[in-house]
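Sequences are here, hints too, so could you generate the full structure?
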Amino acid sequence: TELAPRLRHDLEAGLAPVLADLAPNEDLHLSKRLLQQVHGCEVRFLAEEAADEPFTVTVPIARGTIAHKAVELGIHWPHEPLPLTLVDEAIASLSTSDHWLSDFLQTCTETERAELRSTAGDRVAKFFECFPPLRATWRPVTESTQIVDLAGGRIRLRGKVDLTLGRAIGNQAGKVIIDLKTGGPSPAHRDDLRFYALLDAIRVGVPPRLIASFYLDMGHAHTEAVTEDLLDATVARTVDAAARVAALRTGTVEPVYRPSWSCRYCVELERCDVGRRWLLDEDADDLDALA
Numbered sequence: 087t088e089l090a091p092r093l094r095h096d097l098e099a100g101l102a103p104v105l106a107d108l109a110p111n112e113d114l115h116l117s118k119r120l121l122q123q124v125h126g127c128e129v130r131f132l133a134e135e136a137a138d139e140p141f142t143v144t145v146p147i148a149r150g151t152i153a154h155k156a157v158e159l160g161i162h163w164p165h166e167p168l169p170l171t172l173v174d175e176a177i178a179s180l181s182t183s184d185h186w187l188s189d190f191l192q193t194c195t196e197t198e199r200a201e202l203r204s205t206a207g208d209r210v211a212k213f214f215e216c217f218p219p220l221r222a223t224w225r226p227v228t229e230s231t232q233i234v235d236l237a238g239g240r241i242r243l244r245g246k247v248d249l250t251l252g253r254a255i256g257n258q259a260g261k262v263i264i265d266l267k268t269g270g271p272s273p274a275h276r277d278d279l280r281f282y283a284l285l286d287a288i289r290v291g292v293p294p295r296l297i298a299s300f301y302l303d304m305g306h307a308h309t310e311a312v313t314e315d316l317l318d319a320t321v322a323r324t325v326d327a328a329a330r331v332a333a334l335r336t337g338t339v340e341p342v343y344r345p346s347w348s349c350r351y352c353v354e355l356e357r358c359d360v361g362r363r364w365l366l367d368e369d370a371d372d373l374d375a376l377a
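Numbering-wise, this note's numbering comes out as the position in the sequence shown, counting from 1, plus 86.
Keep in mind that the hints were calculated from the coordinates and are not lab data. Keep in mind that a hint or two might mislead.
SDA-like mimics (lysine to any residue), calculated; alpha carbons at most 20 Å apart, straight line [claimed, not checked]: (1) LYS246 - ARG225; (2) LYS246 - HIS115; (3) LYS246 - THR195; (4) LYS246 - GLU229; (5) LYS246 - VAL339; (6) LYS246 - GLN123; (7) LYS246 - VAL227; (8) LYS246 - LEU296; (9) LYS246 - GLU158; (10) LYS246 - GLY291; (11) LYS246 - GLY150; (12) LYS246 - CYS194; (13) LYS246 - ASP277; (14) LYS246 - GLY256; (15) LYS246 - VAL342; (16) LYS246 - ALA200; (17) LYS246 - HIS162; (18) LYS246 - PRO341.
Label pairs and their in silico Cβ distance ranges [stated by the list, open to error]: (19) ARG323 - ARG357: 21 to 31 Å; (20) TRP163 - ASP189: 21 to 31 Å; (21) ASP318 - SER117: 28 to 38 Å; (22) LEU89 - THR144: 19 to 29 Å; (23) TRP163 - LEU355: 37 to 47 Å.
These figures come from a predicted structure and were not determined experimentally. All C-beta atoms in this analysis are idealised placements derived from N, C-alpha and C, irrespective of residue type, glycine included.
Printed below as a string of structure tokens:
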């Protein structure tokens, strides 16, 4: 298939002007989170980069990683996959590794550990309630890292997929990429999966057949077929994000305000008239609707 070389060519052609905004020894790494940030409020993106506050691990931050590790173990577990047993094994495994969670897991209080077991166990239980046993013939792969290097390695696209099933057979698409989510659907979840599909199409040479966000709390999946148009749109979104990140970091463009409910958690909120005004207007609309 010529699709993968064409997608790589289109990315590199679109990203060529971005190199001019990079310092000679500077590389640009693009992840789904960075794409989300720059396609959201650019003012918040710059504020968070400038804040450079030390990263503090909390139970809500840790539970997703623990749950994903427990699911990974459970898929390959030789015995009945008991959720809390898997969570304990995940905690033990990450505690003794060089993982970013290790220090937290070694020093957290008994209360924090109990809360972590409870909340991570809930996610793991919901996964195994909703999914049938994954047969080896389905080729289940968990926590799979994807990397695509462009422009001689100066620009790197990177993703990590929660779960994949199946594989391409020749030029026939057969893989399904699944992201496990709690809470409700968000357009950002669809964009994340499209980014994963693009990386997989370039890396493997054949695109996945389907992408799916599986919502554990709701017990169902939102799926989307992978088409050439979808991949082309994702190339354009990725190129646009790279150009904005590079230009914003060098100060050659003014950041764009994009207020939303996430303004409530923004480090810049106290100094941001746009965000505060948007939140006040939305609160007023909610009160009017209840009147």
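Going through the hints against the structure:
1. Only pairs whose Cα atoms come within 20 Å are accepted, and LYS246 paired with ARG225 is accepted, the gap being roughly 17 Å.
2. This hinted pair checks out: LYS246 and HIS115 have alpha carbons roughly 14 Å apart, not beyond 20 Å.
3. The suggested pairing of LYS246 with THR195 is violated, with an alpha-carbon distance near 30 Å, which exceeds 20 Å.
4. Taking the CA atoms of LYS246 and GLU229, the gap is about 6 Å. The hint holds against a cut of 20 Å.
5. For the proposed pair LYS246 and VAL339, the alpha carbon gap of about 31 Å is over 20 Å, so the pair is violated.
6. Of the supplied pair hints, the one linking LYS246 and GLN123 holds, its CA atoms being roughly 17 Å apart against a limit of 20 Å.
7. For the proposed pair LYS246 and VAL227, the alpha carbon gap of about 11 Å is at most 20 Å, so the pair holds.
8. A hinted pair counts as satisfied when its Cα atoms are at most 20 Å apart, and LYS246 with LEU296 qualifies at roughly 16 Å.
9. Our distance criterion of 20 Å between C-alpha atoms is met by LYS246 and GLU158, whose separation comes to about 13 Å.
10. For the proposed pair LYS246 and GLY291, the alpha carbon gap of about 18 Å is at most 20 Å, so the pair holds.
11. Only pairs whose Cα atoms come within 20 Å are accepted, and LYS246 paired with GLY150 is accepted, the gap being roughly 14 Å.
12. Simply put, LYS246 and CYS194 have alpha-carbon atoms about 27 Å apart, too far for the 20 Å limit, and the pair is violated.
13. Distance check on the hinted pair: LYS246 and ASP277 sit about 14 Å apart at the alpha-carbon level, within 20 Å; holds.
14. Between LYS246 and GLY256 the CA atoms are separated by roughly 24 Å; this puts the pair beyond 20 Å, and the hint is violated.
15. In summary, the hint linking LYS246 to VAL342 is not supported, as the alpha carbons are separated by about 29 Å, beyond the 20 Å threshold.
16. A threshold of 20 Å between alpha carbons decides the hint, and for LYS246 with ALA200 the separation of about 28 Å lies outside it, so the pair is violated.
17. About 19 Å separates the Cα atoms of LYS246 and HIS162, which keeps this hinted pair within 20 Å; it holds.
18. Under the criterion of a C-alpha separation no larger than 20 Å, the hint pairing LYS246 with PRO341 is inconsistent with the structure, at around 28 Å.
19. At about 29 Å, the beta-carbon gap between ARG323 and ARG357 stays in the expected band of 21 to 31 Å.
20. In this structure, TRP163 and ASP189 meet the distance hint of 21 to 31 Å, their C-beta atoms being roughly 27 Å apart.
21. As the Cβ distance of ASP318 to SER117 is approximately 21 Å, the hint placing it in 28 to 38 Å is violated.
22. Taking 19 to 29 Å as the suggested C-beta distance range, the pair LEU89 and THR144 does not conform, at roughly 42 Å.
23. Range check, TRP163 to LEU355: about 44 Å between beta-carbon atoms, so the 37 to 47 Å window is met.
Checked against the numbered hints above, the structure breaks hints 3, 5, 12, 14, 15, 16, 18, 21 and 22 and satisfies the rest.
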